[in-house]
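Colleague: Residue numbers (my numbering): 8 to 554.
Be a bit skeptical, because a hint or two may be false.
[Stated by the list, open to error] The calculated PhoX-like cross-link candidates involving lysine-lysine, where the alpha carbons are at most 25 Å apart (straight line), are:
id, residue 1, residue 2
1, Lys193, Lys244
2, Lys550, Lys533
3, Lys193, Lys140
4, Lys258, Lys173
Because the hints were derived from the structure by calculation, they are not lab data.
Just so we're clear, the structure is a prediction, and the values are computed from it rather than from any experiment.
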Amino acid sequence: MRGLLFRSFLLLFSILILFSGNCKAEDVGEDSSQLSKAQVPKAQAGDGASQFPEVKAPGAQAGEDSSQLPNVRAMVIVCKGMIDDGLYKSIQRRTDIALAGGADYLIYEIQTYGGLVQSADDISKYLILDIGKKAKTVAYITSEAISAGAMISVSCHDIIMLENTKVGDAAPIMLGGKLEGVEREKQESFIRAIFKTAAQANDYPEALLEAMVSLQNEVYQVENIETGEYEYFEESKLPSDANGYDVAGKKMVVKAGELLTLTAGEAKEYGIARAVVDDQDGMLAYLAERDGVVFEGEPVVLRTNWSEEMVRWVNSPAVMGVLVMIALLGVYIELNTPGLGLPGLAAVICFVIIIGSKYLVGLANWVEVAFFAVGLILLLVEILVLPGFGIAGVSGIIFIMVGLFGMLTKNPPERLPWPETNWDWHIFTEGVLGLGIGFGGFIVLAWLLARYIPKLELLSGLILSPALAKKGDEVEVSMTAPPERETGGVNVGEIGEVLSELRPTGKVKFDSAIVDCVAEGEFIEKGAMVEIIEIHGNRVVVKGKSE
8 MRGLLFRSFL LLFSILILFS GNCKAEDVGE DSSQLSKAQV PKAQAGDGAS
58 QFPEVKAPGA QAGEDSSQLP NVRAMVIVCK GMIDDGLYKS IQRRTDIALA
108 GGADYLIYEI QTYGGLVQSA DDISKYLILD IGKKAKTVAY ITSEAISAGA
158 MISVSCHDII MLENTKVGDA APIMLGGKLE GVEREKQESF IRAIFKTAAQ
208 ANDYPEALLE AMVSLQNEVY QVENIETGEY EYFEESKLPS DANGYDVAGK
258 KMVVKAGELL TLTAGEAKEY GIARAVVDDQ DGMLAYLAER DGVVFEGEPV
308 VLRTNWSEEM VRWVNSPAVM GVLVMIALLG VYIELNTPGL GLPGLAAVIC
358 FVIIIGSKYL VGLANWVEVA FFAVGLILLL VEILVLPGFG IAGVSGIIFI
408 MVGLFGMLTK NPPERLPWPE TNWDWHIFTE GVLGLGIGFG GFIVLAWLLA
458 RYIPKLELLS GLILSPALAK KGDEVEVSMT APPERETGGV NVGEIGEVLS
508 ELRPTGKVKF DSAIVDCVAE GEFIEKGAMV EIIEIHGNRV VVKGKSE
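Build the full structure now, drawing on both the sequences and the hints.
Modeller: And the structure:
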């Protein structure tokens, strides 16, 4: 079985690469088959500077023959649950599919209570700076768009809400602690800047969006006399031009000390939601009437696929802890049992799943993966080639630990993997919790294995037993005796005959006992003579004895 774990390691990495590509493309075939049913012509290069129809005022197309209106295609991208890096990458993948399928309108269906600010900021910049220049983006709120969900929503050109839905409440929080003073303002100023950018890019009331983040501001609704439209101002920024604004008739919409969260009706009244509708058909009808377009076919709905959901599930602290525990147990058993097999393979599989999931959600960069891979290779060398547990084994564990802890923080390769913001600390704390669960479980189970498993006949092969004492023509196992070197059973320098091939472990017959031994850096055939050169606990290391 020499090289089994090396080959398994390489095979699993190949599968991981294919799996990663599959995460990006596996829905293309399925979704493309749905796209073809709509039979909507794609926009051709050279049709104009914009790839989506210019927005017209409501009713601008009145009296026009619908056959003369441009045909457009809409696709729905579901954004549901925790906002994290996994969802960000999924949104990118599905948006690429929609654009490749000729989508003119990208409908982001929002159903979330929030998540990680850094991930929401990444999605916001992606929508405003990139996708918003290629297609019309619409946030379609079907339940709640709270916190990070509100940030994503206002990053779209339009917000359309179902009845009885909510948007807002985007103040930063720190799990397990409290943000106060300068630290709170530091976090709020960053988030306010994100909302301000979105307000300016997509024509939302800036003061109201900032009131979703900070508690201190009173916000008033003031009529612009010239346009007849309502505008929104913080108290300190109320206009002084009585001829231009009806300041005397101002209406307070946000009190100081309140965090703004709006119902669908309020969002429509205050100019954040463009429309409140009953269902998806109502949303499409509103957009078609306002923009003077015709939507052909039912919109294709692009959801997260099984692999994306699995990656997000694997990164949860509980699952990560179980994987770490199984991996460490596999290494422990492999170092303490004759032969090579399932425990080592299980450890490799768990390690590959861990680093693969971290890589796919953006927490692992190539430096951390390299550290982890080198550590794993050193451990394999310790198991397969070198006797005892020495420099290679210790170095392997150190490299693996550095790689694992580096993957707990999102950072570029050139920066040390240390959390800098509260959001980084939140991710780091969850990761440490997962590792803590894994190490704690490993210590408990390793103790149980060492203490009780040798006494169970069916499972005794999992752990190397102490030296096997010879008694007449029978072999008797002492379950409670200390290692044979302490009882005088075998000692360094003793010569024995190989009873089963050492590849690199097997049984050797000495004058005083039959012992499980490990060959030093070579395979030794049955019948050869060997000499004990080291004894490490219950690990007896031998080398070939020249005639």
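Colleague: Each hint: holds or not?
Modeller: Here is what the structure says about each hint:
1. Using a Cα cut-off of 25 Å, the hinted pair Lys193 and Lys244 holds, with the two alpha carbons roughly 22 Å apart.
2. About 13 Å separates the Cα atoms of Lys550 and Lys533, which keeps this hinted pair within 25 Å; it holds.
3. As the CA atoms of Lys193 and Lys140 are separated by approximately 31 Å, the hinted pair breaks the 25 Å bound.
4. Pair hint Lys258 plus Lys173 holds up; C-alpha atoms about 22 Å apart against a cutoff of 25 Å.
In the structure shown, a violation is registered for the earlier hint numbered 3 alone.
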